[in-house]
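Trainee: So the protein lines, in turn, are chains L and B. In terms of numbering that gives the first Met the number 0, the first sequence opens at residue 0 and continues consecutively. In terms of numbering that gives the first Met the number 0, the second sequence opens at residue 0 and continues consecutively.
Hint data in this document are derived by calculation from the structure and do not stem from the laboratory. The beta carbon of each residue, even a glycine, is placed where N, CA and C say it ideally should be. One or more hints might be untrue.
For each label pair, taking beta carbons as the anchor points, the in silico distance ranges come out as [as the list claims (entries may be wrong)]:
# : chain 1 : residue 1 : chain 2 : residue 2 : range
1 : B       : V94       : L       : L105      : 25 to 31 Å
2 : B       : A54       : L       : L12       : 26 to 32 Å
3 : L       : V152      : B       : L89       : 48 to 54 Å
4 : L       : I155      : B       : S59       : 30 to 36 Å
Which chain B residues face chain L? A few, computed with CB under 7 Å, are given here [as the list claims (entries may be wrong)]:
# : residue
5 : N27
6 : A48
7 : V62
8 : D95
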Amino acid sequence: MGELAAFTILSALMLVPAVIVVTSRNIVRSALSLVPTFLGVTGFYIMLHAEYVAGIQVLIYAGAITVLILFVIMLTEGGSGTMVRQVTGQVPLGAMAAIWLAFLILVTLSRTTWPVARGELPSYSVQAIGTAFLTNYVLIFEVTSLVLLISLVGAIVIARREE
Amino acid sequence: MAVGLTHYLVISTILFCLGLFGVLTRRNAVAILMGIELMLNAGNINLVAFNRYVAPGAVSGQVFALVVITLAACEAAVGLALVMAAYRGLETIHVDEINLMKW
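Bound-form chain B, shown alone (with noise of 0.2 Å):
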């Protein structure tokens, strides 16, 4: 049996719900931020698997793949600057214990 495209479907799909329950779990915002990461990867995997399996003589998955993967990279390090501000301001990063704006 070889290995097709469906698979690679079905692992980024159990990938991406990890990362989804730990968005939606974890207290810490860093724990948080591994999460997206996590879901950005199931992403990037599905891209370039169907670039692979559906397109495979265009380059175009791999280089949303790639704009994909830069863009994770702004995004931690501004989540983690957000990060490194609040604990400065409020002594916690636990996000239910953020709720200075919260009515």
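Here chain L stands alone, though its shape is the one from the complex (with noise of 0.2 Å):
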């Protein structure tokens, strides 16, 4: 029963912002709602027994990501003021495949029954993920490595002032 309270609750918090992030005519009233959502999310892995991913999301969601969209909302004026208009003239057809597309995913999970399997997570799992980035995921590892270091490489490049 506290289970599925803590599921509704962390679902109000997560959805609700989230309604924000999309609607909203200020666009840093947009930005900050992410803040919640990412917290909600949290809550939801935390729930899942992630406690590491848990950690992981609100290090780079709610803390970098948030404050580097805010970042260059405020180095692009302009484009934010509330008096400008936020949205293209695709409002109807925008919310017809969204609210298509849910129709659709719903419908798929109602009809499907997946392989639940009983047992339990390792209860300390950080040890595990480590040990699986070190030895089965190892190319993936480095390939994010790699990733990194070319968007870094590439962030810096096409941001730069041209002389």
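Combine both chains into one complex, guided by the hints.
Mentor: Below, the structure is given as structure tokens:
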């Protein structure tokens, strides 16, 4: 019962700010509403016994990405005023596409039975994650580090002022 | 009633579709990136929930979720750098006004 209550509260905490993110006229409010959404997702991770992913989620999403987005909003003035029209002319079409996709996925979900397995996660999963990264998933690990390096260089090169 | 896999999948579906709505309807390029972040979060919830309920002995879903979080950070950095470059060159970040290559 307590689990269901926590799930309901976290869902509301996540979805209400998400609606604000996609509909608010004030873009700074949109960006700040990302924080409770990400924290709700963090609560989901904790409920799913993925504590390490939850910590990384807080660090990277709620910390880094939100601040990065706010910086870019502040640096690109003129696009972010509340007097500026913030939506394209595709609102009915976009709403139709989103609702249609949600309907399709929900119908598919209701017709599928998942092979749910009983069993417990390892109580301390950080060690298991580290071992998995350096044994079975070492190629993914290396390629991800390469992508990080490339995006670092790429972001600097793209955002640099040309002489 | 215990919380099952389907609960998480339904919530992540709603979150994904909200993100899709934001991507399709927003004019500001930064707001479009926010929609993409919402969609990536929905995908991550799916990965971790499937790991918990379908394969509880392994950590593959959490590993993939971590990789997706890393790539989302890369995508945000490069995307926002592109927004900055577009703003410097074109004086706008509204995607319906950036039509330099439109025939």
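Trainee: Indicate, hint by hint, whether the structure satisfies it.
Mentor: Results of checking the hints against the structure:
Taking 25 to 31 Å as the suggested C-beta distance range, the pair B/V94 and L/L105 conforms, at roughly 30 Å. One distance hint, 26 to 32 Å for the beta-carbon pair B/A54 and L/L12, holds here, with the actual separation near 28 Å. Between L/V152 and B/L89 the Cβ separation comes to about 24 Å, which falls outside the hinted range of 48 to 54 Å. Between L/I155 and B/S59, the C-beta spacing of about 33 Å keeps the proposed range 30 to 36 Å intact.
Because the beta carbon of B/N27 sits about 5 Å from the nearest beta carbon in chain L, less than 7 Å, this interface hint is met. Given the 7 Å rule on beta carbons, the hint for B/A48 holds: about 6 Å separates it from the nearest Cβ of chain L. Given the 7 Å rule on beta carbons, the hint for B/V62 holds: about 5 Å separates it from the nearest Cβ of chain L. Among the interface hints, the one on B/D95 holds; its C-beta lies about 5 Å from the nearest C-beta in chain L, closer than the 7 Å criterion.
Hint 3 from the list above is the single one not met by this structure.
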